[in-house]
Amino acid sequence: MDLMTLLQILDSTVRLGTPLLLMCLAGLFSERAGVVDIGLEGKALAAAFFSAAFAYYSGSVWVGLLAGVLAAIAFSMIHGLASITFRGNQLISGVALNFLASGVTVLIAQTWFAQGGRTPTLEEGRYSNITLPFAESLQDVPIIGPIYYELISGHSILVYVAFLLVPLSWWVLFRTRFGLRLRAVGENPAAVDTAGISVQRLRFAAIIIAGVLCGLAGSYLATALQAGFVREMTAGRGYIALAALIFAKWRPWYCLSATMLFGLLQAIALRYQNIDLGAFVIPVQFMNALPYILTIVILAGFVGAAIPPRASGEPYVKER
Amino acid sequence: MDRMPVWADVVLIPLISLLLAAVLSAVAIWAIGENPWEAFSLMVDGALMRSSGWGYTLYYATNFIFTGLAVSVAFHAKLFNIGGEGQAVIGSLGVALCCLFIPWPHWTLALLGSTLGAALFGALWALIPAYLQAARGSHIVITTIMFNFIAAAFLNYVLVNLLRPVGAMEPASATFPDATHLPTFRDIFAGGEGVLFRGAPANVTFFVALAACVLVWLLIWRTKLGYEIRSQGNSESGAKYAGISPFRIIIVAMLISGALSGLMGINVTQGEAERLILNSAEGAGFIGIAVALMGRNHPVGVLLASILFGFLYQGGAELAMWTSIPRELIVVIQALVILFTGAMDNIVRWPLERVFMALRKEG
Chain G
1 MDLMTLLQIL DSTVRLGTPL LLMCLAGLFS ERAGVVDIGL EGKALAAAFF SAAFAYYSGS
61 VWVGLLAGVL AAIAFSMIHG LASITFRGNQ LISGVALNFL ASGVTVLIAQ TWFAQGGRTP
121 TLEEGRYSNI TLPFAESLQD VPIIGPIYYE LISGHSILVY VAFLLVPLSW WVLFRTRFGL
181 RLRAVGENPA AVDTAGISVQ RLRFAAIIIA GVLCGLAGSY LATALQAGFV REMTAGRGYI
241 ALAALIFAKW RPWYCLSATM LFGLLQAIAL RYQNIDLGAF VIPVQFMNAL PYILTIVILA
301 GFVGAAIPPR ASGEPYVKER
Chain C
1 MDRMPVWADV VLIPLISLLL AAVLSAVAIW AIGENPWEAF SLMVDGALMR SSGWGYTLYY
61 ATNFIFTGLA VSVAFHAKLF NIGGEGQAVI GSLGVALCCL FIPWPHWTLA LLGSTLGAAL
121 FGALWALIPA YLQAARGSHI VITTIMFNFI AAAFLNYVLV NLLRPVGAME PASATFPDAT
181 HLPTFRDIFA GGEGVLFRGA PANVTFFVAL AACVLVWLLI WRTKLGYEIR SQGNSESGAK
241 YAGISPFRII IVAMLISGAL SGLMGINVTQ GEAERLILNS AEGAGFIGIA VALMGRNHPV
301 GVLLASILFG FLYQGGAELA MWTSIPRELI VVIQALVILF TGAMDNIVRW PLERVFMALR
361 KEG
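Protein chains in written order, with the UniProt record's numbering: chain G, 1 to 320; chain C, 1 to 363.
Calculated from the structure, these hints are not laboratory results. Check each hint, because a few of them may be wrong.
According to the in silico footprint, chain C covers these stretches of chain G (three or more CB under 8 Å from chain C) [to be verified]:
1. 75-84
2. 89-96
3. 100-113
4. 235-243
5. 248-255
6. 272-286
One-sided excerpt, in silico: chain C residues whose CB lies under 7 Å from chain G [what the hints assert, rightly or not]:
7. I32
8. N35
9. V141
10. M146
11. F149
12. Y157
13. L159
14. V332
Note that the structure is a prediction, hence the values are computed from the model and not measured. Just so it is clear, CB atoms sit at the ideal spot from N, CA and C, and this is done for glycine as well.
Here chain G stands alone, though its shape is the one from the complex (with noise of 0.2 Å):
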């Protein structure tokens, strides 16, 4: 394998893996206060759906992204309003709202577009690929200039959001007193609660978060990875990053790195279909099934324990 093969199949693992990151991202701030998000996938197809949508209607992608964040947002509060404020079981909150949005999506791309349940291909509304500085001059420079202009440079915005968004979720959850009193409502609320602090509040603002991250996530899909929404075109992604969090422990960083292992193999399932590898030939269906099984190897606890936030999953009922 050459330089150029590594580098695109590199360049495909970040793109792939970006929508992961910011999903994963969405994920680690709602379970770190307690509120187990299986909507992940939801948000981000309403989100994709609605990105598309209004990036078409007005020709902006960035009018896209507001209404694809608060088309995720609005989810998120269905979620809070279940699971928060009604005390609802948030694992059945979670697979309603993924049926809702994979249901709502497809009824209004037909009835506005009447196209089959998708949004008409966008010409303009999509995010362009930023060139960063130097990059086409330095482009000759052995080794590095490649990888400089190949893998780092030419993605979109979205991609540097996301990247940049690593260090800022750390700093947030681990560096300030937003973070600590979210992370403190995700081991154990009644703490949180004698000192005097709303825990609603808090988990409220955690899932608001996540679906600002999730809109993101919908409208990298539907405006810089593709031009526009189909059905389903998440496909399955809001579960890999709900793995990924498993895998990453419930950290920032290992969110980065996990996701971007998912992300490469989805580049080599893409690129290559069977790999043969001599003696026996891997199947396609095994890359694509891959994180999945890793991710039950590690929730078997046999690569080191993933201990999830102690109170995640439990409504908070406040005593009186």
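Use these hints to put chain C onto chain G, whose structure you have.
Leaving out everything else, chain C in the frame of chain G:
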């Protein structure tokens, strides 16, 4: 929290939740520019006013009974088995292997064989998540979701590389031998010739599903094992104190749940398609969640909720055919039912409890 009579909890709350979901669905239909009442009568017409409509309704209902029972058995042990889809897919594989490779003399024997095959394969697919939950505490929701995806990839591999007939393009197995053909409702009630149930896929598997309802009722409320499952679901520490092994109950409950999901494979694979196709479960594994929540985890409730969802499925297909309302409307209704009966239960329960409290004070 003994504030409400049982009938209010079992009947009133699901009905009000259903009403809420129905009102929101009507709003959705109205919002996309169709008349909700006309849509509803069209659904009733297509699904319930003709025998072939019933044939489709009951065919879908058969699937949902199996997956609904599967989810409820797990719920009784406080396990959320979200992997019905994967277990059904692997159960279908069991059915296909039984039908393709064993020369059955008669369909009755073939049905017996494929029932065993489906249950065994479905149960085995639930075994690993069950073991991981019981022995390692890995959350069953996450593991069963992962196993859904692994099942889909595995079936894809098996169909493309192993079961696909030579020269065929489509990823599907060969057609099953004639001897394994299960009698459809038309064969049974119209001698295979009349107009009754013409073209409808409902078949003898429906009666297997009814039998499963009875067996699950017996299991949960009339056996020692069922008692242990319910004890574990009510209070794991209490059950442990009474000498019930949580490990054993988790494994057994999940095996039964997986077997029930697997049985769905008979209906779609042997009863309808008569060959193994990709995505044979068609989301029925997930509808089982809605069905179990609506049916309050009781076989009678599951049966009624399954028929309701069968009606929605068939009615939705009619809508898609005659109006501009896409089939996805059913997915929205399904989501609303799950949301209101499962997650936002308290939105109905809390005000209702207050009403009953007030009534009690007066009385």
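Within the stretch 75-84 of chain G, is the number of residues with a Cβ closer than 8 Å to a Cβ of chain C three or more? holds (count 4)
Using a Cβ cutoff of 8 Å, are there at least 3 residues of the stretch 272-286 of chain G near chain C, or does the coverage claim fail? As far as the stretch 272-286 of chain G goes, the hint holds, because 3 residues have Cβ atoms under 8 Å from chain C.
Double-check Y157 (chain C) for me: the hint is only fine if its C-beta lies closer than 7 Å to a C-beta in chain G. 4 Å, holds
Would the hint on L159 (chain C) stand, with a C-beta cut-off of 7 Å toward chain G? Violated, because the Cβ-Cβ distance from L159 (chain C) to chain G comes to roughly 10 Å (cut-off 7 Å).
How does the stretch 235-243 of chain G fare against chain C when you require at least three residues with a CB closer than 8 Å, holds or violated? With 4 residues close enough to chain C, the hint holds.
Does V332 (chain C) pass the interface hint, meaning its C-beta sits closer than 7 Å to a C-beta of chain G? Holds, because the Cβ-Cβ distance from V332 (chain C) to chain G comes to roughly 4 Å (cut-off 7 Å).
Are N35 (chain C) and chain G close enough, Cβ to Cβ, to be under 7 Å, as the hint says? 15 Å, violated
Per the CB criterion, is I32 (chain C) less than 7 Å away from chain G? 4 Å, holds
How does the stretch 89-96 of chain G fare against chain C when you require at least three residues with a CB closer than 8 Å, holds or violated? With 7 residues closer than 8 Å to chain C, the stretch 89-96 of chain G meets the three-residue bar; holds.
Does F149 (chain C) pass the interface hint, meaning its C-beta sits closer than 7 Å to a C-beta of chain G? 5 Å, holds
Against chain G, is M146 (chain C) within 7 Å by beta-carbon distance? 4 Å, holds
Cut-off 8 Å, C-beta pairs, minimum 3 residues; does the coverage of the stretch 248-255 of chain G by chain C stand? violated (count 0)
Hint check: violations occur at hints 5, 8, 13; the rest are consistent with the structure.
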